[in-house]
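The listed protein sequences correspond, in order, to chains A and B.
Using the numbering used here, read the first sequence as starting at 1 and increasing by one per residue.
Using the numbering used here, read the second sequence as starting at 266 and increasing by one per residue.
Please note that a few of the clues may not be correct.
Covered stretches of chain B, going by a simulated chain A footprint (3 or more residues, C-beta under 8 angstroms) [as the list claims (entries may be wrong)]:
no. : stretch
1   : 266 to 275
2   : 292 to 299
3   : 302 to 316
4   : 380 to 388
To be clear, the hints were calculated from the coordinates, so they are not data collected in a lab.
Glycine included, every Cβ here is placed at the ideal spot set by N, Cα and C.
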Amino acid sequence: MQEFLSFKRDISSIGPSTIFEIGGFPITNSTLFMVLVTILLIVFVVVALRKKSLIPGKGQAFFEIVYEAVERQINTITASSYHTKRVLPIIGSIFIFVGISNYFGLVPGLGSITFDGKSLFRIATSDFNTTLGLAFGAIVVLHLVSIKDFGLWGHINKFIPIKQLGEDMKKGGLAPIYMFVTILIACLDIVGEFAKAVSVSLRLFGNMYAGDVLTTVLIGIFAFLLPSFWVAFGMLGALVQTIVFGSLITVFYMQAAGPEPGEKK
Amino acid sequence: MIEEVLGKLGFDWKVALANLVNFLVIYYLLRNVVFKKLGNAIKERQERIKQGLDDAEKAKQSLLDASQRKEELIKEAYQNSQEIIGNAKEERNKIVAHASEEADKEAAKIRQHALHEADMILKKADEDLTEKAATLVLSGVEKVLKENMTQGVNEKYIKSILK
């Protein structure tokens, strides 16, 4: 009876499984999942937006709802239509990709498709490689934005105020101590930039992976009914994690970006 | 140490790079197809809605203006009609007064003429009557004279007349 009511499944490893390799590059199940998401997204986009019209069809209406929700969320943080418009494509893509990945993880049976004894698809956001890659890529883009807005010299000065330190050194006094502390803080800031990427990626990865593990555990205890509550809760969790990840990247963008053109620096 | 910690989390920079590249494909697709197309479609719709609302507002204002204009026109027309009625009444009174005056003049003239005619008729009748009376007297006298007048009577009459 207990065997019928529960379903034993191995808890997925913390890292992704390599399915095959191309030129030394491992193609993991999370990569395949991303490929699957990309293909489905292309198909959906082509079908939904094939006939773009002023009065939207169902597919276009769905995309417009998502678009406006993402735009509103970003605008809530930036409080500037200029910055929202500027950052919408990249952060909107992150929102949509993370959202789709999180929700796809709730599709029953997707993890049961195996190849050579390994699960063929793994939720991309429950793979640390994906989340860190995304977060790191986003942080790099944000630094490029900062360099574009303030110039390379201005960007470096955001971490170490070199000009100010030079002037202080000329005055003498406690300047060397101030300089030492400033350089120390600058080092911490640089480490902090990496920490930003690691923290947001770990948050998303941890939540999604833990959700996956907990689903497996719950199915192992009682496969019927009980996991459905967790999946329902997972739908909320997937949305919250999407919003948190996207919002944090937006906050980092606002810290990196310069003021609007015409606005005083 | 960092490598060890990341390794325990299943980190492999090649996989991370592959997944990042996959994300860039999704980003490219979303940016060029979804965000650009939808952004334009939504913007166009918003402009159309704004235009529609503006037009509706203008139409509402026009309706209000037209309504006000209508009220003004009705008021003006009423005032004009009152003025026209007043003028017509005045004109009517003038015409009536004039007609009455003319009629009085005509009546006086007719009466004068009638009186004159009556006088003439009376005068003529009088003359005719006198003439007929004279004729009748002469014929009577002539008749009497023919029947009764003798030489002696004739002389007697002539003597009495001459007296």
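Item to check | Hints violated by the structure (listed by number, smallest first) | outcome: 4
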